[in-house]
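2 protein chains.
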Amino acid sequence: MLSKNTIKYIQSLRLKKFRQKYRNFVAEGEKIALEILQGQELIIEGLYALPEWLEKNSSFLTIDPSKIHAISTKDLDRISSLKTPNKVVAVCNIPTYSLEIPLLNNSLTLYLDGIQDPGNMGSILRIADWFGLPYVFCSSGCVDIYNPKVIQSSMGAFLRVQTLEKDIEGLKTQCPDLTIFAAVLDGLNVFSTTLPSKGLLVIGNEGKGISPQAQAATTVRLTIPKGPKGGAESLNAAVATGILCSAFLNKG
Amino acid sequence: MLSKNTIKYIQSLRLKKFRQKYRNFVAEGEKIALEILQGQELIIEGLYALPEWLEKNSSFLTIDPSKIHAISTKDLDRISSLKTPNKVVAVCNIPTYSLEIPLLNNSLTLYLDGIQDPGNMGSILRIADWFGLPYVFCSSGCVDIYNPKVIQSSMGAFLRVQTLEKDIEGLKTQCPDLTIFAAVLDGLNVFSTTLPSKGLLVIGNEGKGISPQAQAATTVRLTIPKGPKGGAESLNAAVATGILCSAFLNKG
Chain Z
1 MLSKNTIKYI
11 QSLRLKKFRQ
21 KYRNFVAEGE
31 KIALEILQGQ
41 ELIIEGLYAL
51 PEWLEKNSSF
61 LTIDPSKIHA
71 ISTKDLDRIS
81 SLKTPNKVVA
91 VCNIPTYSLE
101 IPLLNNSLTL
111 YLDGIQDPGN
121 MGSILRIADW
131 FGLPYVFCSS
141 GCVDIYNPKV
151 IQSSMGAFLR
161 VQTLEKDIEG
171 LKTQCPDLTI
181 FAAVLDGLNV
191 FSTTLPSKGL
201 LVIGNEGKGI
211 SPQAQAATTV
221 RLTIPKGPKG
231 GAESLNAAVA
241 TGILCSAFLN
251 KG
Chain E
1 MLSKNTIKYI
11 QSLRLKKFRQ
21 KYRNFVAEGE
31 KIALEILQGQ
41 ELIIEGLYAL
51 PEWLEKNSSF
61 LTIDPSKIHA
71 ISTKDLDRIS
81 SLKTPNKVVA
91 VCNIPTYSLE
101 IPLLNNSLTL
111 YLDGIQDPGN
121 MGSILRIADW
131 FGLPYVFCSS
141 GCVDIYNPKV
151 IQSSMGAFLR
161 VQTLEKDIEG
171 LKTQCPDLTI
181 FAAVLDGLNV
191 FSTTLPSKGL
201 LVIGNEGKGI
211 SPQAQAATTV
221 RLTIPKGPKG
231 GAESLNAAVA
241 TGILCSAFLN
251 KG
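Residue numbers (this note's numbering), protein chains in the order written: chain Z, 1 to 252; chain E, 1 to 252.
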């Protein structure tokens, strides 16, 4: 049985304040747990799982045995933030990534300027992972990458995409050669503009769009053209990110 | 004050069973209510709003006054399905759309084959609206278009995109000339395939992909190619839909 303190500690990691204090976060579910165990990108602080799961997956349990805890369904319910808890919960260290300027200068990367919806954040990490973008930068106004809902909806992409919180002016000072593109509603048609396969693409907040700081840093403003009979006011932020990334990377 | 029966009736419309029984659904919030009042695509059964909202927007209230109800914040809380109810709730008739075969044959349209997530469904309707697709077909396994979460996340797109529930074999029999494309993980590279600007594009379920029925009906299997360093298993269904639609409609 888990101690009250352990349960309280794991539950506290649902809040950003405690994730930042302890530099730990929670990843749940069989698929993600196995990816973490096999991938070795992350340091596991504790693995909490039903006994039958531990038995079935014993060959993957190569971490320090003192970190592995067989728990009851009742305890799993307590520490899980899912409606339907799924056999295993991993408490992991939040990784710290460092920025390689040459890699940044030679790649397409994303700057998320206040993305608020955890589902959008997860979907955007999946896009970055799918297209192999090395970095996703987040403004301080973004939903936390290690929010349980982001972790769930990113489907493991958070393991492979390096995410860094940066203000855009600082990033521009650090990398003066970077061309900064921004997704806006009144920019150049992205499909008829000649695009490089590198640069920083800014995606704005779901409601408010691009911040004044990011607007000021932007070199090229891009728009996904509406169809002749199109009526929507905007596309979902993750959908727009996907379309723009594919316009940069796939020129037919 | 609203009667208990009215409150119960509006609350019942959160469930598909009652929406189908009464052929009504609920749309909430100022923006959508004003779009519905101005657009006249939908028949409003009842408009329930705070008195100050009705006063401020009196010039738009051109419907039968017996259908307009000033309500208290307390009653708004009761009938709303939002965490933060937003001033106005409209109960509307579910529209019935009829299929124009020549329009279908000459357009890009979508077939949603078991899309389950309301946020994805809403985002896909926004894509269809943005690009001006005339129809979105849904299999019987999809989340209901008139689910409150779909209505919210579609941001009014449900007013402009005609949605029809159809089984794919029936649709193929009805329109034998239709080329059916499907989004899969092992098809032709969508960016190096010559695509028409018309056809039916099948998007599969978030977890299970395309159903055997839709597989059998498919003419061309398409894939969004992963980047050389890409790692994700898949893209979010709405993101994939956006990328594919833009590949069909924008050839640079």
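Rather than coming from a laboratory, the hints here were simulated on the basis of the structure. Check each hint, because a few of them may be wrong.
In this list, chains with the same sequence are indistinguishable; a pair is considered to hold if it fits within one copy or across any two.
Lysine-lysine pairs mimicking DSBU-like chemistry, simulated, CA-CA at most 35 Å apart [what the hints assert, rightly or not]:
| no. | residue 1 | residue 2 |
| --- | --- | --- |
| 1 | K56 | K166 |
| 2 | K226 | K56 |
| 3 | K208 | K4 |
| 4 | K83 | K198 |
| 5 | K74 | K149 |
| 6 | K226 | K87 |
**Message:** Run through the hints listed earlier and report the numbers of any the structure violates, in increasing order.
**Reply:** When the structure is compared with the hints, numbers 1, 3 and 4 turn out to be violated.
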